[in-house]
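Student: Residue numbers (full-length UniProt numbering), protein chains in the order written: chain A, 1 to 452; chain B, 1 to 489; chain C, 1 to 265.
Be careful, since some hints might not be right.
As the list claims (entries may be wrong) - Here are the simulated lysine to aspartate or glutamate pairs, EDC-like style, with alpha carbons at most 20 Å apart:
#  : chain 1 : residue 1 : chain 2 : residue 2
1  : C       : Lys129    : C       : Glu139
2  : C       : Lys34     : C       : Glu240
3  : B       : Lys387    : A       : Glu34
4  : A       : Lys170    : A       : Glu193
5  : C       : Lys34     : C       : Asp253
6  : B       : Lys387    : C       : Asp116
7  : C       : Lys129    : A       : Asp24
8  : C       : Lys112    : B       : Glu194
9  : C       : Lys123    : B       : Asp373
10 : C       : Lys123    : A       : Asp24
11 : A       : Lys325    : B       : Glu234
12 : B       : Lys292    : C       : Asp68
13 : C       : Lys123    : A       : Glu34
14 : B       : Lys483    : A       : Asp24
15 : B       : Lys291    : C       : Glu240
16 : B       : Lys483    : A       : Glu193
17 : C       : Lys252    : C       : Asp242
18 : B       : Lys292    : B       : Asp362
19 : C       : Lys106    : B       : Glu486
20 : A       : Lys170    : A       : Glu187
21 : C       : Lys106    : B       : Asp373
22 : B       : Lys291    : C       : Asp68
23 : C       : Lys34     : C       : Asp15
24 : C       : Lys34     : C       : Glu246
25 : A       : Lys342    : B       : Glu194
26 : C       : Lys106    : B       : Glu88
Said to hold, decoys possible - Now the in silico label distances, taken between C-beta atoms and shown as ranges:
#  : chain 1 : residue 1 : chain 2 : residue 2 : range
27 : A       : Arg447    : B       : Gly290    : 24 to 30 Å
28 : B       : Gly290    : A       : Gln182    : 57 to 63 Å
29 : A       : Phe263    : B       : Glu143    : 34 to 40 Å
30 : B       : Arg159    : A       : Arg447    : 52 to 58 Å
Everything labelled a hint here was simulated from the structure, so no lab data went into it. The C-beta atom is built at its ideal place from N, Cα and C for all residues, glycine as well.
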Amino acid sequence: MTDATAPAPGARSRVGQGSLLRQDTRTIKRNAAENRFRIYGLTAICIGILMLVFLLTSILSNGLSSFRQTTIQVPVTLVADRLDPEGNRDPAEMARVTTFGYAPLLRDALVGTIADAGIETELDAGDIADIVSDESVAQLRNFVLANPDLLGQTMPVEVLASGRIDGFFKGRVTYATAELDQNISPEQLRLAEALKAEGLLATGFNFDFFTAPDASVTRPEAAGLGVAILGSLYMMLVVLALALPIGVAASIYLEEFAPQNRFTDLVEVNISNLAAVPSIVFGILGLAVFINFAGLPQSAPIVGGLVLTLMTLPTIIIATRAALKAVPPSIRDAALGVGASKMQTVFHHVLPLAMPGILTGTIIGLAQALGETAPLLLIGMVAFVREYPDAPWEGGLFDPATALPVQIYNFTQRSDPAFVERASGAIIVLLLFLFLMNLAAILLRRRFERRW
Amino acid sequence: MPLIWLLAAIAVLAAAGMVLGRRRALASAGGDHRVLHSLPSYYGTNVALFAAAPALLVMAAWIVVQPLYVESRVATLIPQAEYSDEGELSLIMSDVRRVADGLNQAIRSGAISAEEVRDMRADVTDVRDRLAQIGIAVGSEVEQTTLTAAQQYRTLDGRGNVAMAVFVLLLAVGGFVWTLMKTDKDYRARNSVENAILTILVAASTVAILTTFGIIMSMLFETVNFFRQYPASEFFFSTTWDPSFSGRGGSSELGIIPLLWGTLYISLIALLVAVPIGLFSAIYLSEYAGKKFRSIAKPLLEVLAGIPTIVYGLFALITVGPLLRDAIASPLGLGTSASSVMTAGLVMGVMLIPFVSSLSDDIINAVPQAMRDGSLGLGATQSETIKQVVVPAALPGIVGAILLAASRAIGETMIVVLGAGAAARLDLNPFEAMTTVTVKIVSQLTGDTDFSSPETLVAFALGLTLFVITLGLNVLALYIVRKYREQYE
Amino acid sequence: MNDMRLSERDVDMTDVKIAARGVQVFYGDNHAIKDVDVNIVDKTVTAFIGPSGCGKSTFLRCINRMNDTIPIARVEGEILIDAEDIYDRRVDPVQLRAKVGMVFQKPNPFPKSIYDNVAYGPKIHGLAKDKADLDAIVEDSLRKAALWDEVKDRLDAAGTGLSGGQQQRLCIARAVATSPEILLMDEPCSALDPIATDQVENLIHDLRRNFSVVIVTHSMSQASRVSQKTAYFHLGELVEYDDTAEIFTNPKDERTENYITGRIG
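Go ahead and model the full structure; you've got the sequences and the hints to work with.
Tutor: Here it is as C-alpha cells:
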C-alpha cells in the first residue's frame, strides 16, 4: 500500500493535540461558555419560580387577614315601644321601623357599655357609634324581625367593628394614618384599644366572609363571598352537565367513528381554534346570543354556565380524545372479534377504560372555567347582587348571582383599601378551590394510571 | 308550568315505550329472547327514542322560533308614525314585552282576571299603576298602542303555546305508536338505536362549528350595524379614541389605532419577558435537568399557568404597579401612574412563561436524539449542540409557540383591565397608562348599554378585529407547528 | 509497509492506538459489558461483530465517552488512547470526541446546508484560520468521504435532501472534518441499500490510510470485506479477537464458530 505518502493526520491545528489530560485554552473557554449557558437556564427557571413565590406571598400577605374579623360585644336593650310601636308583634308592622329606628339603640348600648367599663373618652355618642359597622344596625334589625319575641329584653349582641377599626387591629390603619383620615380619628382608635383591653372587642375567625353576601362600598367589613361561591357553584353545575356529555360524545365520534372527510376536518379545525380564541370573545358571544337573541336574563348563572361550557368544550374534547387514543387497539379488536358492534365496543369497553382520563380532563377544564372572569363581565355578572339565588330546582339558575372571580374584580373596583384585603382573601378562597380540584385530578390520574 | 308538564308527558311516554317495546318484542318471539335479532333492551330503547327525540327536537325549535314569529306579527300593530328607525321600534317592543309579562304575572298571582286583561283599555285603567300595586314595575306610562300590542302579544303567545303542546304531544304519541307497531322479532332494533346514537354523537361534534359560527355571526351582525352609523375608515385609521357619554353618536371619536398600539406594546413587553425566560427554562428542563429536578421544577412552573388571570390582575394592581411606580417611574420622572404598559406587560409576561416553556419543551423533545448524538459525537459541548443544532432544528416549532403566546397576550383581558389603565394614548413611554382593545370591549359592554348607539356597538367591531387577529395568529402557528411535527414523524 | 509507517513515528509509540483494560459497563442494574480487554491497532480497520444485544455498540460508545450522555450508564476499568486513560477525571469529553470521531447507525445530518454540516466541527473546534481555510477543509473532507463530486455544485442545499447513502457519507465527511485520529462507526450501513453500502465500504477502505477505524457491524461479510482485525462479542464478553482472516477461517472459540457458521445470531 501507498499510505505512507498520504498527508499525515493532524496537518491542521487540531484540538487536543498532545495530551488529553491537559485542556487546551479553547476547550477551557468553551467549557466556560457551557457553564454560563447552563446558568442562564437555571436562572430562567429560578425567575419563574421566584415570580410564583412573589405572587403567592403578595396575595397571602394581603389576604390572609380577611379570614379574621374584629367584633364588639354589646348588650343591647331591645326597647319594645320603639321597635314595635303598634305593640302587636306583627312582623309586617315591625318592618316599618327602618334601620334609623335601630341605630339609637345600638348607639346608646355602646355608650352605656363604655361607661360601665369605666373607659374615659372625649368622643361624643355619634363618634362612638362610628366605631361600629353600619351593617351592624341592619343585622340587628334582621335579627329582631326574625325573633320578635325577644323584644323588651337585653340581648348580648356581637356587632362588626367598622372597617377602619378592623384594619387597625390588622396593622393596616395606624394612629398616623388616622390623623389624615376623615373616617376615623386617633381618639376612636384609642377607644377601640381600651375596649380590647376590657375584653369587649376581639378579633376572631371570620365565618361570615364565606357565607355573607356582598356589602356596599362603605362597608367592606361586612362583604362576604356567599352569593359569589353559590353562583360559581351553579355555573360549574351547568358546565358539568353540558360540557361533559357533549364533549365526550363529540370525542367519541371524532376518535372512533368519524370518516376522513371535509366535515371531520372542519370540526377538528374548529376545535383547535376555539381552544385559542380569547375568552372575552366568548363573552361577546354570550351577550349577543344568549341574552340579546335568546332573551335569557342578565347576571344569571345559566348564561355564565353556557358561556363557560362553550369555552371548556375544547379542553374536555382534547383530553377525552387523548384518553380514548390511549386505549390500545387490541381491546377494540378483542371486542369486535367476539361479535360486538362498533357501538357496543366503544360503550362497553373503550369508554370505561378511558373514563379516568376523561374525568381528569374534565376537572382541569372545570378549574379553568372557575377562574375565568372576562366573559362573565360582559353578561352582567358584575352587577351588585345581595340576594342568594334560589335552589337550582326552583329556577335558581335564572336568578341573578355573581361569581367568585367577578366578585374579586368588583372588590378591586372599590376605593376603600379594606377591599384589597377582601379581594386578596377571595383569591385565596378561589386558589384553594382550584388547588383542591387539581389535587383531585392528580389523585385520580395516580389511582387509575394504567400501563398497557 | 305547562312546559314541565309537557316534558313530563314525554318522559312518561318514553318510559312506557321502554317497557312495552321490550315486552312486544319478546312476545313476538314467543318469550325466547334468543330468536330476537337484537337484545330485548334495544327494542325498548328504540321505542323510547322515537317517542322522545323528535318531539323534544321540535319543541326546542318551536321555543326558539315562536317569539320571533310573535314579535314580527305584533310589530305590525305598531303604527309607522310611532317610530323612526329600528332602534326605536325595538325599544317599543321591549315595552310591549314587559307589559305582556307583567299582565301574565298579574293573572298568575290572581290580582287581575284574564277577562279583565282582555278588556283593559289604557284610557280607562292606569295599567302602570295597576301593575305597580302588585309589585310589577313598568318603566313608562303605558299607551293604548302598547297595551293593544301587549294584549295581542299575550293572545298569540298563548295560542302558540297551546299549538306547540298539541303538536309535540301528537308527534311523541305518533313516534311511540309507529315504532311499537314495527317492533317484531326480526326488526333490527340494535341498528336503529345505534344509528340514533351516532346521530347524537355527530350533533355533539357540530357544537364546535356552531360556536364558531355563532361567534362570527354575532359579531359580524352588530359590526355591520356599527359601520352603518360610524364610518369604517375612521374606525380603522383615526388616531383618537374618545367616546362621548352624553348621548348617541355625534361627537364620539372611535379610532382603533390607540387601542391596537396599547395592545401591541403590552404584548411586546410580555413576550420580551416570557420568551427568553420560557425558552431558557424549557432548554434547561429538557437538556440539562436531572429527573428529580425536572419533576419538581416543571410542575411548579406550570402552577403559573393554572392561576386565573384575575389573580395576575390583582397582583399587577396592588403589588407590581405601585412597586414599579415607586422604584422606577417616579424617581426617573417617567410617570406617576401605577397602571402602566410596563406593569401589565411584566405581569402578563410572567403569566406566559409556562405557556412558552411547556410548548417549547414539547417541541425541543421532538428533536430526534440522533441530532444531538451527531453533534456531541463531533466534540461539541452541550450548549453548542443546543444553540447550533437543537434550537435551529426546533425553530419553526418555537416560532409557532411564540405566535400562540402572542395571540394569548393580545386577547388577554383581566391583567390589562386591572394593570394597564383606561386612557387611550399613543405614547412610547412604557410607564404611562395605556389601554387595549380588550379593556375597551369590557368598558363599552358593561354598565348601561344601548344596542343602538355606536358607543356600544363599537365593542363588537373591536371584538371582531380581535378575533380576526388572534385567529390569524393561531392558524399560522398551528400550521407551522404541524409542518414541524411532520418533519420528524 | 508497517516499517515505513513506524519510521515516521516516535520510537516510544507502539502501534497500539486504543487499549481497553478490564472495561465493565452497567446500564442501571444491567451488566452490559463484562471485563473486556482489547488492543486496537493504529491505521487499521477493526470490526466488532456479534449477535444483537451483545454489547458491541455499547463498547464502541465507550471509546469516545458517548455513554456519558446516558444518565444511567456507568463505566469501570480503563480505556487508554495513546496511553492516556480517557476516563481520567482531567479528560474533557469534548476534547476527546474531537480526537475520536463517530458515525452513527442512521445517517443524521443536521437540518442545515451540506457546507454547514461539514463545517460544523471545524467551526466549534476553531480549526480554520479564515473562510478560505474553512472552504478548504470542507472540500478536503467531502473528497475524503468521496462525496465532493456529487455535491460540489450544491453545497448550499440542505443536507437532509440527499439520498441515504449520500447522507451517510456526508456524516462521515462531517466526522472527518475535525481531523480525528480514530473514527468509530456504529453499523454505518445498516440503513443503506446495497449500492450505498458498497460506496461506504469503499470509503472505509480508503479512510484507513489516515485513521484508525473501529466499525460495528452485524454483517459478517461486511466485516470480512472491510476489516483487518475482528473482535467477536457475545453477551457482553469479548470472546475472540484476531486477524479477520483468522477469525473467519479458523475460529478458536466454539461460540465464534457457531456465529460465523450461522448457528446463532
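Student: If a hint holds in the structure, say so; if it doesn't, say that too.
Tutor: Here is how each hint holds up against the structure:
1. With a C-alpha separation of about 15 Å, the suggested pairing of lysine 129 (chain C) with glutamate 139 (chain C) holds against the 20 Å cut-off.
2. Between the alpha carbons of lysine 34 (chain C) and glutamate 240 (chain C) the distance comes to roughly 14 Å, so the proposed pair stays at or under 20 Å and holds.
3. Note on lysine 387 (chain B) and glutamate 34 (chain A): the hinted pairing holds, with a Cα-Cα distance of about 11 Å set against a maximum of 20 Å.
4. Note on lysine 170 (chain A) and glutamate 193 (chain A): the hinted pairing holds, with a Cα-Cα distance of about 13 Å set against a maximum of 20 Å.
5. For the suggested pair lysine 34 (chain C) and aspartate 253 (chain C), the alpha carbons sit about 17 Å apart, so the restraint of at most 20 Å is met.
6. Note on lysine 387 (chain B) and aspartate 116 (chain C): the hinted pairing holds, with a Cα-Cα distance of about 14 Å set against a maximum of 20 Å.
7. Annotation: proposed proximity of lysine 129 (chain C) to aspartate 24 (chain A) holds, straight-line Cα distance about 17 Å (limit 20 Å).
8. A hinted pair counts as satisfied when its Cα atoms are at most 20 Å apart, and lysine 112 (chain C) with glutamate 194 (chain B) does not qualify at roughly 53 Å.
9. With a CA separation close to 17 Å, the supplied pair lysine 123 (chain C) and aspartate 373 (chain B) stays within the 20 Å bound.
10. This hinted pair checks out: lysine 123 (chain C) and aspartate 24 (chain A) have alpha carbons roughly 16 Å apart, not beyond 20 Å.
11. With a CA separation close to 51 Å, the supplied pair lysine 325 (chain A) and glutamate 234 (chain B) exceeds the 20 Å bound.
12. With a C-alpha separation of about 18 Å, the suggested pair lysine 292 (chain B) and aspartate 68 (chain C) falls inside the 20 Å cut-off, and the hint holds.
13. Proximity of lysine 123 (chain C) to glutamate 34 (chain A) is assessed by CA-CA distance (about 16 Å); at most 20 Å being required, the pair is judged to hold.
14. Annotation: proposed proximity of lysine 483 (chain B) to aspartate 24 (chain A) is violated, straight-line Cα distance about 43 Å (limit 20 Å).
15. About 39 Å separates the Cα atoms of lysine 291 (chain B) and glutamate 240 (chain C), which puts this hinted pair outside 20 Å; it is violated.
16. The hinted pair formed by lysine 483 (chain B) and glutamate 193 (chain A) fails the criterion: a straight-line CA distance of about 70 Å is larger than 20 Å.
17. Simply put, lysine 252 (chain C) and aspartate 242 (chain C) have alpha-carbon atoms about 10 Å apart, close enough for the 20 Å limit, and the pair holds.
18. Distance check on the hinted pair: lysine 292 (chain B) and aspartate 362 (chain B) sit about 18 Å apart at the alpha-carbon level, within 20 Å; holds.
19. Restraint check: the Cα-Cα separation between lysine 106 (chain C) and glutamate 486 (chain B) comes to about 19 Å, which is no more than 20 Å; the hinted pair holds.
20. Among the hinted pairs, lysine 170 (chain A) with glutamate 187 (chain A) is consistent with the structure: their alpha-carbon atoms are about 18 Å apart, no more than 20 Å.
21. For the hint linking lysine 106 (chain C) to aspartate 373 (chain B), the alpha-carbon distance of about 11 Å falls within 20 Å, and the restraint holds.
22. Under the criterion of a C-alpha separation no larger than 20 Å, the hint pairing lysine 291 (chain B) with aspartate 68 (chain C) is consistent with the structure, at around 16 Å.
23. A C-alpha spacing of about 25 Å is found between lysine 34 (chain C) and aspartate 15 (chain C), which places the hinted pair above 20 Å, so the restraint is violated.
24. A hinted pair counts as satisfied when its Cα atoms are at most 20 Å apart, and lysine 34 (chain C) with glutamate 246 (chain C) does not qualify at roughly 24 Å.
25. At roughly 9 Å between alpha-carbon atoms, lysine 342 (chain A) and glutamate 194 (chain B) fall within 20 Å of each other, so this suggested pair holds.
26. At most 20 Å may separate the alpha-carbon atoms for a hinted pair to count; lysine 106 (chain C) and glutamate 88 (chain B) exceed this at roughly 75 Å.
27. Checked against the hint of 24 to 30 Å, the pair arginine 447 (chain A) and glycine 290 (chain B) passes, with Cβ atoms roughly 27 Å apart.
28. For the pair glycine 290 (chain B) and glutamine 182 (chain A), the supplied restraint of 57 to 63 Å holds, since their beta-carbon distance comes to about 60 Å.
29. For phenylalanine 263 (chain A) paired with glutamate 143 (chain B), a C-beta distance near 52 Å fails the hint of 34 to 40 Å.
30. Checked against the given bound of 52 to 58 Å, the beta carbons of arginine 159 (chain B) and arginine 447 (chain A), roughly 57 Å apart, stay inside it.
Hint compliance for this structure: hints 8, 11, 14, 15, 16, 23, 24, 26, 29 are broken, all remaining hints hold.
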